[in-house]
Amino acid sequence: MNLKPLGDRVIIKADEAETTTASGLYIASEAKEKPTTGVVLAVGDGKLDKDGKHLPMPVKVGDKVIYGKFGGTEVTVDGEDVLILRADDLYAVFA
Amino acid sequence: MNLKPLGDRVIIKADEAETTTASGLYIASEAKEKPTTGVVLAVGDGKLDKDGKHLPMPVKVGDKVIYGKFGGTEVTVDGEDVLILRADDLYAVFA
Amino acid sequence: MNLKPLGDRVIIKADEAETTTASGLYIASEAKEKPTTGVVLAVGDGKLDKDGKHLPMPVKVGDKVIYGKFGGTEVTVDGEDVLILRADDLYAVFA
Amino acid sequence: MNLKPLGDRVIIKADEAETTTASGLYIASEAKEKPTTGVVLAVGDGKLDKDGKHLPMPVKVGDKVIYGKFGGTEVTVDGEDVLILRADDLYAVFA
Amino acid sequence: MNLKPLGDRVIIKADEAETTTASGLYIASEAKEKPTTGVVLAVGDGKLDKDGKHLPMPVKVGDKVIYGKFGGTEVTVDGEDVLILRADDLYAVFA
Amino acid sequence: MNLKPLGDRVIIKADEAETTTASGLYIASEAKEKPTTGVVLAVGDGKLDKDGKHLPMPVKVGDKVIYGKFGGTEVTVDGEDVLILRADDLYAVFA
Amino acid sequence: MNLKPLGDRVIIKADEAETTTASGLYIASEAKEKPTTGVVLAVGDGKLDKDGKHLPMPVKVGDKVIYGKFGGTEVTVDGEDVLILRADDLYAVFA
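Protein chains in written order, with this note's numbering: chain A, 1 to 95; chain B, 1 to 95; chain C, 1 to 95; chain D, 1 to 95; chain E, 1 to 95; chain F, 1 to 95; chain G, 1 to 95.
Everything labelled a hint here was simulated from the structure, so no lab data went into it.
Any given hint might turn out to be false.
Said to hold, decoys possible - Listed below are several chain E residues computed to face chain D (Cβ distance under 8 angstroms; list not exhaustive):
1. 2
2. 4
3. 6
4. 7
5. 9
6. 50
7. 52
8. 55
9. 79
10. 83
11. 84
These figures come from a predicted structure and were not determined experimentally.
Glycine is no exception: its CB is placed at the ideal position from the N, C-alpha and C atoms.
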């Protein structure tokens, strides 16, 4: 991806929500549960501390993460819907 | 658990709410009191201080804790409902 | 008490509210004035400063204190109702 | 007074509001203007700075002060109504 | 004035609002525009910095100042109406 | 101007709003668009840092600036309407 | 551009919103989607740290950026509509 998040932001590709239930019933897109897991596509340099140095970022490209449902801004880049959010809105990373 | 909380967050498995009262009456799940005690499943590295070092976390895996009823985010990991919350939302630990 | 408050929190056992008035009239529990004095049962290690050291706590176990009416969280531990609140919600201590 | 305020708090005994006007008319207690001057009965050790030292308090016991009308918490100690408030809610001291 | 403001506060005597308009019409007191200029009567020692030292105050006794219309607290001292406000609510000083 | 702004404030003389449109139509003063450009008339010494030193101000007397429409306080000094606002409410300066 | 943003602000020229849809239908300007990408026209010196030094800015003139839809202030300079916003309202930069 040729898009670099700024500051302590990351770019996330949300996981596809399941479109079939356990019973095999198809769910229309309006009813799909908003996903809260995704994969990190890009990572910013980190927040600046008072001396102008970057604080370390807690995740790296490729990490699978859980993030806040209402955090971030959805943007469409090269026809792909991604989410830009701050590292602090990431709750956990799959090890 | 293969899920690592980020920053000063912990992952908690809430205790089961009592499903029988002292008189033995079964209480349906809608009426169950929301538990506020639980066990720590995973602990983040701690909040970053201004120098990029992690501040120590007050609990460790396996600790039984009391936490704020409305704190945190419920997530389902591997079919298990857990709670991700910040260490500051933990009120006390059983010694 | 086997419960240790975290950070700058303390555990308080509220004083019993008076159940008889000066005129000797019994007051039902619904009408009892919420007590604002109590005894300190347990004390946290103190808030972390920027260097990861604990700041001193202003009270010790056994102190009788005045605290904010709406501060804190009520929990029941071993059948006993206690209050967990932050040291900053303690207003004064009886010398 | 055997009550010690905590942190940057002070205990104030509010001045009696005037109960007669210039014209000698008695004013019932409901109509009395809430006093905003009082005398300092007790002084806390001061707020902790980042190194765990107490910052100096701006008033001492016996000082007559002007304070914010809506600041503080009223408590009754040994049958006496006093006010506990933070030093920052004190506006001025009579020299 | 025997009243010393605390912290970064100053005591201001508001200028009299004009009671006659350019056309000589008298304006009743209810209609008088609230003055926003005044004279500094007393100056506090300044806000405490983290080391317990006082930061310098930007005005001195006798300065004529412009201040925020809604800032401060009106008090009556020795029959004189004055205003206690924080130095930061002073906008400018006449040189 | 004999008026010195305090702290990080500046005094601005707003540019006259255009009173004729491109078509030559006169616009009554009620309909005039509020100007957001102006000239700096006076500059404060700057905000105090924690050591009591003044931080540098980003503009100087005579600079033409763009500022926030709703920022600042309008005052009339020597019959001239000027605006006192904080340096942070200045958006840009014409080079 | 002869306009220099102050502090941590940048000046952005928003990209033109598409005025034809995929089906070739013309969209009137009222219905155009507000653009959230643009080009950096000018960059401020950066926010002052506590020592009066400027923190580095994350973008440079000519960078194409994604920014918050509701961030910033629209101004018209030399007949050109541009946006002044803070660097923190920039989400990402195209590499």
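Right, here's what the structure says about each hint:
no., hint, result
1, 2, "5 angstroms, holds"
2, 4, "5 angstroms, holds"
3, 6, "5 angstroms, holds"
4, 7, "7 angstroms, holds"
5, 9, "6 angstroms, holds"
6, 50, "5 angstroms, holds"
7, 52, "5 angstroms, holds"
8, 55, "13 angstroms, violated"
9, 79, "11 angstroms, violated"
10, 83, "10 angstroms, violated"
11, 84, "5 angstroms, holds"
Violation of the numbered hints given earlier is confined to hints 8, 9, 10; the remaining hints are satisfied by the structure.
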